[in-house]
Amino acid sequence: MAVRLRTPLSTEDVLRLKAGDVVYLSGEIVTARDSAHRRILSLPKEKLPFNPEGAVIYHCGPVVRKTHGSYEIVSAGPTTSARMNRYLDGVLDLGIRGIIGKGGMKAEPFRGRAVYFAFTGGAGSLAAKSVKRVRAVHWLDLGIPEALWVLEVEDFPLLVAIDAHGNSLYR
Amino acid sequence: MIEAIVEAIRLAVTRIPDDVVSALREAYEREENGVARFNLGNILRAIEIGRTESIPVCQDTGTLMFFVKAGLRSPFLGEIERAIVEATRLATEKVPLRPNAVDVLTGKNLGDNTGRGVPIIHWELVGGNEIEMAVLPKGGGSENCSALAMLTPGEGWEGVKRFVVEKVKACGGKPCPPVVLGIGVGGGADYSLLLAKKALLRRVGERNPDERIAEIEGELLEEVNALGIGPMGMGGKTTALDVKIEVAHRHPASFPVGLIVQCWANRRAFVRIKPDGRVEVWQ
Ligand code: SF4
Chain A
0 MAVRLRTPLS
10 TEDVLRLKAG
20 DVVYLSGEIV
30 TARDSAHRRI
40 LSLPKEKLPF
50 NPEGAVIYHC
60 GPVVRKTHGS
70 YEIVSAGPTT
80 SARMNRYLDG
90 VLDLGIRGII
100 GKGGMKAEPF
110 RGRAVYFAFT
120 GGAGSLAAKS
130 VKRVRAVHWL
140 DLGIPEALWV
150 LEVEDFPLLV
160 AIDAHGNSLY
170 R
Chain B
0 MIEAIVEAIR
10 LAVTRIPDDV
20 VSALREAYER
30 EENGVARFNL
40 GNILRAIEIG
50 RTESIPVCQD
60 TGTLMFFVKA
70 GLRSPFLGEI
80 ERAIVEATRL
90 ATEKVPLRPN
100 AVDVLTGKNL
110 GDNTGRGVPI
120 IHWELVGGNE
130 IEMAVLPKGG
140 GSENCSALAM
150 LTPGEGWEGV
160 KRFVVEKVKA
170 CGGKPCPPVV
180 LGIGVGGGAD
190 YSLLLAKKAL
200 LRRVGERNPD
210 ERIAEIEGEL
220 LEEVNALGIG
230 PMGMGGKTTA
240 LDVKIEVAHR
250 HPASFPVGLI
260 VQCWANRRAF
270 VRIKPDGRVE
280 VWQ
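Line by line, the protein sequences give chains A and B. Taking numbering that gives the first Met the number 0, I'd label the letters of the first sequence as residues 0 to 170. Taking numbering that gives the first Met the number 0, I'd label the letters of the second sequence as residues 0 to 282.
Don't read these hints as lab results, they were simulated from the structure. Bear in mind the structure is a predicted one, so any value in this text is a computation, not a measurement. We treat Cβ as the ideally placed atom computed from N, Cα and C, and that holds for glycine. Check each hint, because a few of them may be wrong.
[Unchecked claim] Label pairs and their calculated CB-CB ranges:
#1 A:R85 with B:T105: 19 to 25 Å
#2 B:G155 with A:G165: 42 to 48 Å
#3 B:K168 with A:R85: 20 to 26 Å
#4 A:V21 with B:V278: 44 to 50 Å
#5 A:K46 with B:V278: 51 to 57 Å
#6 B:D209 with A:S69: 52 to 58 Å
#7 B:D102 with A:K46: 26 to 32 Å
#8 B:R81 with A:T66: 27 to 33 Å
#9 B:R277 with A:V136: 40 to 46 Å
#10 B:D102 with A:T66: 24 to 30 Å
#11 B:V125 with A:M0: 57 to 63 Å
[To be verified] Restricting the straight-line Cα-Cα distance to at most 27 Å, the calculated cross-link-like pairs of lysine-lysine (DSSO-like) are:
#12 B:K236 with B:K166
#13 A:K44 with A:K105
#14 B:K197 with B:K68
#15 B:K93 with A:K131
#16 B:K236 with B:K168
#17 A:K17 with B:K168
#18 B:K236 with A:K17
#19 B:K93 with A:K128
#20 B:K93 with A:K65
#21 B:K236 with B:K160
#22 B:K107 with B:K93
#23 B:K107 with A:K46
#24 B:K160 with B:K197
#25 B:K197 with B:K166
#26 B:K168 with A:K105
#27 A:K128 with A:K65
#28 B:K236 with A:K105
#29 B:K107 with A:K65
#30 A:K105 with B:K166
Build out the structure end to end from the sequences listed, making use of the hints.
Encoded structure:
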């Protein structure tokens with residue numbers, strides 16, 4: 000099944016998805032890797048630079064180009080999600096309902112509340128085509144790959160790889 | 000010289016070599032399940048965009064590694080190291096590359112892909128008056144799956160196969176399969192890993208000229224593909240595009256096996272610098 004979804008995601012959006020579905024995601028996604036996750040979990044919810052309710056996190060460290068003071072995303076495929084397993088319960092507790100990455104994660108924490116979307120690892124030039132613009136960037140002190148990039152995406156083609164009912168495409 | 004090295008870096012990260020692309024196309028044709036085709040289709044589209052728009056195919060433009068064969072009579076011998084470092088800086092800004100060099104103590108990323116020990120340069124002194132170098136941008140996701148086994152001679156080649164298959168299985172989708180496996184056997188701990196990495200510079204589809212080794216490469220490729228891990232670890236017929244083995248003599252008591260896992264973004268480019276300053280860049 001293929002569906003179009005827009006962020007923020009509701010619990011109903013998430014519960015309707017099944018592992019193997021293709022989702023074209025539009026709206027806002029926020030990149031975060033190891034250090035950004037540590038910082039997200041060290042701050043009180045209201046101090047976060049984005050609203051985590053229904054938000055989608057993208058495990059990605061993009062290649063960016065800075066032109067005339069604004070940023071352009073050149074290449075932006077997913078990074079290995081397994082490194083973020085240790086923060087998974089923490090971010091899902093904040094209300095995050097979707098995580099995009101590659102390689103999969105622990106399936107259990109997603110049950111009843113969120114889904115894991117896979118995008119093809121290494122296909123950064125293709126992913127960048129779905130990024131319409133950079134809405135904001137936070138925490139640049141962590142370095143470009145580790146910063147929190149708030150991206151506006153349109154019809155980002157994703158595969159539901161772990162659904163909210165305990166099914167996973169990973170073996 | 001610096002421009003030629005920048006050009007080679009650009010070529011490596013924006014243009015996946017033809018031999019790798021054909022192997023990926025064949026894999027796409029072979030796959031029947033929708034998920035495997037979704038991933039391989041995306042890979043082929045990303046490669047196409049990289050080529051037509053000259054942008055990095057994968058956002059992890061890796062740690063830059065250079066394998067230099069330096070001709071003892073090249074007039075540029077004294078300049079080459081500085082040129083590589085400078086080209087790395089320039090390429091980071093111009094291509095652009097993702098800044099990937101992080102201080103191990105402070106975690107700081109200085110932003111230009113240079114730092115203590117990086118870019119990584121391996122030197123080999125050779126006769127002649129030319130300098131030839133290979134550029135290998137190595138991604139982190141696949142490098143994290145690399146490993147070393149100090150087998151006993153009794154375990155021998157069966158042990159090599161078991162170790163490689165187990166390792167690939169344990170890594171699942173993490174190294175962005177379909178992968179290319181570089182394997183070094185013999186030498187010593189460090190040398191087997193170096194051989195393994197250098198093996199990745201060989202073309203996909205090309206067997207080792209030693210028939211006995213070529214046969215083992217073929218057998219391992221079949222065994223790894225029988226695992227069914229598939230593109231991105233979500234199932235399928237192609238887990239590896241190729242297996243490359245290089246060997247050196249071993250100590251009687253050891254049987255070292257270095258395994259370097261390379262992702263489908265099997266990037267490389269070469270530069271030759273002639274004594275009169277003319278340069279050639281190719282893949
Ligand atoms: S493993 Fe390779 S293809 Fe995958 S994200 Fe890293 S560099 Fe890119």
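Results for each hint:
no. : hint                           : verdict
1   : A:R85 with B:T105: 19 to 25 Å  : 22 Å, holds
2   : B:G155 with A:G165: 42 to 48 Å : 43 Å, holds
3   : B:K168 with A:R85: 20 to 26 Å  : 23 Å, holds
4   : A:V21 with B:V278: 44 to 50 Å  : 46 Å, holds
5   : A:K46 with B:V278: 51 to 57 Å  : 53 Å, holds
6   : B:D209 with A:S69: 52 to 58 Å  : 55 Å, holds
7   : B:D102 with A:K46: 26 to 32 Å  : 27 Å, holds
8   : B:R81 with A:T66: 27 to 33 Å   : 29 Å, holds
9   : B:R277 with A:V136: 40 to 46 Å : 43 Å, holds
10  : B:D102 with A:T66: 24 to 30 Å  : 28 Å, holds
11  : B:V125 with A:M0: 57 to 63 Å   : 59 Å, holds
12  : B:K236 with B:K166             : 18 Å, holds
13  : A:K44 with A:K105              : 24 Å, holds
14  : B:K197 with B:K68              : 12 Å, holds
15  : B:K93 with A:K131              : 22 Å, holds
16  : B:K236 with B:K168             : 14 Å, holds
17  : A:K17 with B:K168              : 26 Å, holds
18  : B:K236 with A:K17              : 23 Å, holds
19  : B:K93 with A:K128              : 20 Å, holds
20  : B:K93 with A:K65               : 11 Å, holds
21  : B:K236 with B:K160             : 19 Å, holds
22  : B:K107 with B:K93              : 22 Å, holds
23  : B:K107 with A:K46              : 24 Å, holds
24  : B:K160 with B:K197             : 19 Å, holds
25  : B:K197 with B:K166             : 20 Å, holds
26  : B:K168 with A:K105             : 17 Å, holds
27  : A:K128 with A:K65              : 17 Å, holds
28  : B:K236 with A:K105             : 24 Å, holds
29  : B:K107 with A:K65              : 20 Å, holds
30  : A:K105 with B:K166             : 20 Å, holds
Of the numbered hints stated above, none is contradicted by the structure.
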